[in-house]
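Protein sequence lines correspond, in order, to chains R and Y.
Mapping the first sequence onto our numbering, position 587 (from 1) lands on 587, and the numbers just tick up by one.
Mapping the second sequence onto our numbering, position 122 (from 1) lands on 122, and the numbers just tick up by one.
Keep in mind that the hints were calculated from the coordinates and are not lab data.
On a predicted model such as this, the values are computed, not experimentally measured, just so you know.
All the pointers check out, no bait thrown in.
Just the calculated beta-carbon pair ranges, DEER-fashion:
hint, chain 1, residue 1, chain 2, residue 2, range
1, R, THR644, Y, ASP129, 15 to 23 Å
2, Y, ASP129, R, THR763, 19 to 27 Å
3, Y, ASP129, R, ASP30, 31 to 39 Å
Distance condition first, Cα-Cα at most 25 Å in a straight line; then the derived DSS-like pairs of lysine-lysine:
hint, chain 1, residue 1, chain 2, residue 2
4, Y, LYS146, R, LYS713
5, R, LYS769, R, LYS648
6, Y, LYS91, R, LYS507
7, Y, LYS146, R, LYS648
8, Y, LYS146, R, LYS704
9, Y, LYS146, R, LYS9
10, R, LYS384, R, LYS400
11, Y, LYS146, R, LYS651
12, R, LYS410, R, LYS400
13, Y, LYS91, R, LYS713
Where a beta carbon is used, it is the ideal one built from N, C-alpha and C, also for glycine.
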Amino acid sequence: MNEMQQIGKSPLRKEGPDKVRGSIRYANDDHSAHMLHGALKTSPHAYARIIKIDYSEALKQPGVKAVITGEDFNQNLGLYLCDKPPIAREVVRYYGEVVAAVVASTYRQACKARDLIKVEYEVLKPVLSPVEALAEGAPVIHEHMADYSHIPPIHPEPGTNIANRTRIRKGDIEVGFKNATHIIETEVHIPPGDHVAMEPRIAIAEIKSSGDILITSSTQAPFVVKGLMSTFFKIDPGKLVVKAPLVGGGFGGKAGIQLEGLAYILSKKVGGRTVKLVNSREEDLVTSPGHIGLSAKVKMGADAEGKLTAMDLYYAFNSGGYADYAVNVSRAAAISCTGPYRVDNVSCDSLCVYTNLPFATAYRGFGHIEMGFAIESGMELLAKSLNMDPAMFRRINAIKPGDTTPGQSKLNRSTGDLETCLLRVEALLGGNIGEVIKLDEHRVLTKGISGLWKAPAMPTNTDAGAIVTFNADGSVNVHTGVVEIGQGTKTGLTQIAAEMFKLPLDKIHVELEVNTRISPSDWATAASRGLMMAGVALIEACEDAIAQFKQTASEVLRVPPRDLVVADGRVFVEDEPEHGLSMSQIALGYVYPNGNAIRGQVIGVGKYIAKGLTDIDSLTGEGHPDLEWTLGAEGVEIEVDLRTYHYKINKAVCCIDVGKVVNPEMARGQIIGGMAMGIGYTVFEGFKWNTRGQISNDSLRDYKIMRMTEAPKYEVEFLESPQYDGPFGARGLGEQSVIGMPGAIANALSRVAGNTVSQIPITPERLWKKAQEVKR
Amino acid sequence: MIVIHGLSEALLHVNGEEFPVVLRPGDTLLRVLREQAGVMGPKGGCENGDCGACTVLIEGIPVKSCLVLAVEAIGKKVITVEGLKDTEVQKAYHEMGGFQCGYCTAGFIMNTYALLESHPEADESVKNDWLSSNLCRCTGYEGIQKAVNLAQERIQNNQSIRK
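Same shape as in the complex, but just chain R (with noise of 0.2 Å):
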C-alpha cells in the first residue's frame, strides 16, 4: 500500500467550528411553542410502598394536561432483565425513584403542579450493601423476580437479591494454591455513582396521527432504544424514529433506554401531542441510573519466581435498586476477571445484587475499572509478598497472545503488547515504582503503577453499517448509526473516507445526526467499537463505490476495471494518468456528448457483524464471547503531604496498544479524558448516603468532580500491534484509560500509609485513618 495521506494525522474536528461558534444542536436545544413539558416526582425513600397517590391537586393548576402515576402502565421494562416499571409502581426501591409525572405548558407549570401531588408512604428499612443483600434474611427487593422474562445469558437467582451470577471455573484453584509459595488475600470496596456527562439526559417524543412514533434524544443508542421500545410498547419498528443528535457526553449514561420510553407514555396519554422530558441535574445524578458499585475479594496464589498460579475471585456488584445495564456489567467483569494476566487456575464468581441505592447502568469500562482496582490491589500485595518488584512482578505475568483468557478463549495475533507497555509506563515515571521519596519534613512522592485489559461485551450479532452517496462535484456524503458522543468517531470516519477514495478532507461529509429510519443499523456507540465496526463497514463501502465507478470507466474509456484507480477525484488508467474521466462525471451517472446516460448514481454499501461469538457456558463461563482485546498499563507520580494527607496527582501517565492510530491527537484527547474520569473516580466521587439510604450529594455543588486546578500533567504513549481484522488495523481506544486508574493510585498511596487502601473515594481523612491504624 502506497504511504496513508490521511490515517495517522490529526485533521481537527469535522463538527468543531459549530461547537465554539455555538452553532451545534444537541437534542435540549429542540424547542418550540407546540411543545408541552414533563416533570417527575420523586421518592424521598430508598424504600418504600405506595399507599396512595394524590394528584387532584395538581390536576387543577393552569396548564396542566395530565398527570400519570405508575398504576396508568401496568408493564415493565428493561435492557436485559425486565425488572423495572416505568414509573414505580406499589413499591419504591431507590431514593430518586418517579412515583408520578405531570404534562403541562410550560415547564414550570409541570413542576408547580408536581410540588402538589401528594404521597402516602409506609416506609421500610433500606438494603445499603450487596453484603446486607446478600446475608441470610435479607429483605427481598424484587420479590416478583422469577416472573421477569431474561435474556439467556442473564442468571438471575430468584428469593434472594441476585439479578445475575456469572461463573468462571479454569483449572484447578486448588492445586493452584498448592503450587504457589505465596498467596494473599484481600477485600476493595466501590460506591456506585454517577456519570455527570455535562448534559443531563433528556427525551422529547411525539405520535402523529400516521402512527408514526418520533424521539429524538439525547441517547448513546438510538437502535437500542427503538429495538426495546418496539418490543415493550408493541410498535411496529418501522413506526418508530428515533433521532439522536449530537450528544454532550455519554459515558455508558445514555446508552441503554433512559427518559423515552416515559416519554412516550406521557405522549400518549396527551394525544400524541409533543412531550420533552429533561432531567434537572438532581435528577440525573439519583433518578437516570449511575455506575455501578463493587465488593470484592480476591485471593491470589503465585510461586517462588513470582509466576501466579491461581485466583480466586468474589465480585458482589452493587446494582443498585433496578438491573438495566448492570446484569451484563457484572458477568462482563467475569469475563476479563483476573486483570491482564496469565492465570492457569481461576474461580470467579461475579454477582449482579440489588440494593436500595440509584441503580446502575453501563459506565466507561463496564465492570473493568471496578475489577481492575480489585485485582491490582491485590497484585500489590502479593508483589509485596513476594518482595519484587510491583512493575515486573507485572511484568513476568503480563498475558500474551496464545495465552487463555478466564473464559479459556484464546488471544489471538491481534492481542496488544502488556509488556512492552508497562516497560514504558515505569520508563515514563522515572523507574523504581517501589520507593517513597522525602520531598522535604513534610512531603514524599509516591508512584503507582497498574496493567489494564477490556474487550467489549456485546451482543454476538453486533452489528454496524455504511452508506457513502455523491454529489455533482465527485464529494463524498458518509452515512452511518454511529452517534457522535465526544469521541471524534465522525472525525475518524471521514479520515477513513478520504484514504479510501484518495480525495482531501473537505470533499468528505459526514452525517452527524443518527436517523434510524435513514442511517444503517448500529448496534449501539458503546464499547469502544463505534470506530472499529462501523470503520470496516465504511472501508467496505468505499470500495463497493470505488468498483462501480471503475466499472462506469471502463465503459467509457474501454479499458478494463482492473486498470483503473481512483485518486485525487478522478478514475483513470494506472499507467497513463492522462486518459480518465472525473468522479464528478461518473457520480450521478455518466452522461455522453449527445445526451445519453449510463448507469446512474454510485451508491457504496458495507457492512460490518462480529464474527464467531458465543455465550459463556454458565457453570464454567467457557466460550468466545471476546472479540478483540485492547491492553495497556498506566501510572501515577503523587505528592502526599504527611501532616494533612492532602495529595495531589502531579503525573498520570499510559501506554496503551490501540492498534493503529487513526487520529492521534483525538486519540490521545480519548486516553486523558478516561484517565481524568478515572482519577476522578478514585478521588472525589461515589454518592455518599444516610442510614435511610438517602443520597446526600445529589447536586453538583456536593458531588465533585475534577476541576481544572486539580487535573495532573498527562503523559501518553500508544503502541500499534495492528488489529488484523480492524480498519487500517485499528481497535477501541474510547474506555479503557479509565481502568488502571484506581489501581495505580490506590497502590502508590497505600505505600505511603503503610496499610492497604482499600475504599475508593480516597479521601485525605481516610488516608489519614489507614496510616493511624499501622501507627498505633
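We have chain R; now place chain Y onto it with these hints.
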C-alpha cells in the same frame, strides 16, 4: 430601579440585537435567552451555578446565566458565544482540542474570553482561578489549558504588533 409584578414586557440587548421578551420576576436569564430569544449557545448543566455551561458576559463580566434573573439584564449588554465571531479564543479551542462533546464549550469560551480581555498577562494561577468555575467531563482539561495558552499568546502578539 426596575419594579416588576407578574408578567412584563422588556427588551433584552443580546449580541448587539434587541429581543422583546415577556418576563416573570423569577425567570432566569438562561431560560429566557434559550426559550424566548432562541439563543441556544448557553447550556443548562445544573441550573445551580456549579458547572458554568451557561456562562455569558454582562457588560463584559462573565456570569452564570442560570443564577442571574432576566430582569437584572434589562438595559445591559449581554454577549453569548453566538456574539463572538472568530476570536482567537474560539480558534484556539478548536485547534488545541479544547473540547470533545462540546456541551461545556460555550461556557469555557466566554469565561476565557473575558479573562484574556481583562487580564491578557494572566499567569497560571490567575487562569486556574478563573477557569476552575467551569466543569468539563471529557477533556481532563489538558486541551483547554493548551487552548487558553495559545489564545493568550496570539492575543499578546497581536497587541504588540498593534503597538
